[in-house]
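Engineer: Given these sequences and hints, build the entire structure.
Number of protein chains: 2
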Amino acid sequence: MSFLIDSTPRKDGFRMPGEFETHAGTWMLWPERPDNWRNGAKPAQKAFVAVASAIAQFEPVTMCVSQVQFRNARNMLPGNVRVVEMSNNDSWMRDCGPTFVVDGKTARVVDWDFNAWGGLLGGLYFPWDLDDQVAGKVADIERVDRYKAPLVLEGGSIHVDGQGTLMTTKECLLNENRNPDKTQAEIEDLLAGYLNIKKFIWLNHGVYNDETNGHVDNICCFIRPGVVALTWTDDKSDPQYEISQENYEILQSATDAQGRKLEIHKIHQPDPVLIRAEEAEGVDAVEGTLPREAGDRMAASYINFYLCNGGAVVPTFDDPHDSLALAELQKLLPERKVVGVPAREILLGGGNIHCITQQQPKA
Amino acid sequence: MSFLIDSTPRKDGFRMPGEFETHAGTWMLWPERPDNWRNGAKPAQKAFVAVASAIAQFEPVTMCVSQVQFRNARNMLPGNVRVVEMSNNDSWMRDCGPTFVVDGKTARVVDWDFNAWGGLLGGLYFPWDLDDQVAGKVADIERVDRYKAPLVLEGGSIHVDGQGTLMTTKECLLNENRNPDKTQAEIEDLLAGYLNIKKFIWLNHGVYNDETNGHVDNICCFIRPGVVALTWTDDKSDPQYEISQENYEILQSATDAQGRKLEIHKIHQPDPVLIRAEEAEGVDAVEGTLPREAGDRMAASYINFYLCNGGAVVPTFDDPHDSLALAELQKLLPERKVVGVPAREILLGGGNIHCITQQQPKA
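If you read the sequences in order, they're chains A and B.
Counting along the first sequence from 1, when you hit position 218 you're at 218 in the working numbering, and nothing is skipped either side.
Counting along the second sequence from 1, when you hit position 234 you're at 234 in the working numbering, and nothing is skipped either side.
These aren't lab readings, by the way, just hints derived from the structure by calculation.
These numbers were taken from a predicted model, which means no experiment stands behind them.
Some hints here could point you the wrong way.
Same chains, same label: a pair holds when it works inside one copy or across any pair of copies.
As the list claims (entries may be wrong) - DSBU-like, lysine-lysine: derived pairs with alpha carbons at most 35 Å apart: (1) K170 / K198; (2) K105 / K362; (3) K46 / K148; (4) K331 / K170; (5) K105 / K337; (6) K148 / K362; (7) K261 / K362; (8) K331 / K46; (9) K261 / K337; (10) K199 / K105; (11) K362 / K199; (12) K236 / K331.
Structural biologist: Following this line, the structure appears as structure tokens:
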């Protein structure tokens with residue numbers, strides 16, 4: 001059951017909690033489409049199993065899987081992961097999934113419009129009708145009521161501190177391929193109403209060559225209220241340098257909804273990660289889906305980690321910077337167990353661990 | 001999550017409760033296939049909505065729906081019915097769905113083999129692979145563990161009193177198209193282990209012309225332990241007369257697992273219900289699916305009702321016997337509200353209200 005509520009969460013006393021607050025569980029979607037995931041998605045499926053298994057140490061995980069892949073997913077996943085049937089166009093639960101809001105007693109869902117990261121203006125595939133139904137289906141399974149927000153938005157394009165602050169990027173939210181009919185002020189008004197936000201921190205760009213049009217969740221995140229982590233490079237010749245530098249300056253001069261200055265931690269990125277020829281060859285070349293070409297640089301970042309109850313699941317890239325990133329995050333998150341999961345196969349599909357997960361906060 | 005348990009419910013202290021015991025909720029499947037349901041299943045869908053709405057007065061209802069019909073079902077069903085995506089071959093949750101067992105603290109699921117009422121020897125359609133996955137998928141959604149029983153069985157072919165007695169028919173359970181390699185004693189052993197049964201009452205035949213090979217749930221059921229209701233006719237020229245008479249005699253001489261004689265109540269059937277020409281014409285004629293032909297007699301019976309928390313949802317046929325059946329059932333079930341739902345459109349698909357529902361007992 002799920003009733004559609006004709007109101008806004010703010011009016012009803014609901015807010016979006018920070019990811020670091022206690023979860024009821026985690027939602028994921030199973031990768032399958034061979035025009036995005038190499039070799040029939042078999043390597044990606046193993047990586048998703050590793051991520052689900054890592055999170056399931058800390059909290060309940062639900063994997064949503066199409067009819068065709070259901071039995072294979074059920075066989076590959078451990079018994080402590082719940083598997084439910086759900087059709088989809090791809091496997092980015094962060095972006096097409098629900099945003100949960102809470103009022104201290106109950107959880108509800110905000111269901112955004114989804115257009116596959118740009119619709120007919122540079123979106124990553126067509127159609128996206130099944131993805132757009134995912135949030136409502138999750139709400140029904142969980143028997144929580146639902147708000148329908150009149151805004152094209154992906155969950156990965158926003159981060160909140162749960163205390164009234166939202167962090168996002170202009171590159172994504174003000175892109176003409178998302179909400180061309182809305183001004184920045186109108187977008188802020190909608191986010192304020194649907195997530196209970198009082199203060200916006202607008203970064204400029206996301207990670208270099210990020211196909212999402214610069215989702216914030218790959219470049220910067222809240223560790224806890226007042227504390228953020230930013231992907232970084234010391235290599236001034238890397239196009240990422242200027243992007244991170246500019247965002248660092250914005251963060252330095254920002255204050256949050258509580259009037260605090262931010263504590264900013266730099267997490268050095270891995271060395272450039274390029275698509276290999278044999279990786280590109282494993283992807284079906286299909287018109288209308290973003291091609292995967294050998295030599296293309298991928299938007300690799302340690303910031304695309306996921307916080308769960310008592311844990312942090314962090315992508316690794318078989319890179320010399322892996323151990324440094326894990327150690328720094330462990331220092332920033334002393335109350336959590338930091339777990340690295342090899343994530344190259346997820347990155348090859350266009351995102352990372354944060355992009356394939358969505359938290360359901362404890363009501 | 002759902003772990004497969006390599007044991008039997010009896011060994012683990014679980015039993016199948018009677019339908020009249022308290023439920024956690026009801027499971028249903030949405031009708032859709034046009035080679036079984038007339039006019040693209042539109043009239044049947046309205047009837048299923050009426051049944052789900054009637055039950056939802058009393059307890060939570062979950063409707064499982066294919067990808068293709070999901071949005072239509074969500075729109076047609078009231079908000080207090082939960083809708084979840086689940087692929088299927090048809091809509092008989094009683095028969096392909098799980099049998100829940102309980103131990104006073106926990107619920108688990110028994111997952112039988114399903115072969116569409118006879119497999120390649122007179123089964124009603126082909127294939128049935130999606131139906132056969134339904135029980136496991138329900139278990140996963142509910143996060144309950146699962147026993148896999150090595151027996152072809154439909155939920156509608158058994159009734160239990162929750163106190164060690166199981167009632168079934170030889171026509172179905174001993175049919176060569178179900179478990180030809182097993183003797184009656186071997187089938188009893190399996191049912192004893194998986195449902196915690198001590199005493200079997202074997203009726204002979206089910207309702208005349210019942211395409212399920214005589215499911216017990218269309219002819220006789222437990223009102224409560226020690227009390228049964230049997231479909232009946234006073235018309236000696238009706239082929240149903242002899243069937244009911246024979247079963248009456250079996251029931252009269254039977255005792256249950258507690259050593260009790262049974263109190264037997266006759267519920268007079270409706271007048272013969274025949275498929276009309278315009279009804280038959282609305283069904284796609286497809287090789288491999290049971291045809292629906294004008295003039296065929298359907299297996300109409302009031303016994304195919306469903307008990308839910310504080311309620312009984314009973315099929316009606318726009319027949320002079322309707323009010324008598326409702327009144328008699330209300331007298332037998334004074335603690336429940338008896339609700340009639342017009343069910344001709346369900347009957348046209350080959351079953352009735354009990355066949356399209358499956359109870360999940362309270363753990």
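Engineer: Sort out which numbered hints this structure fails and list those numbers smallest first.
Structural biologist: Result: no hint breaks.
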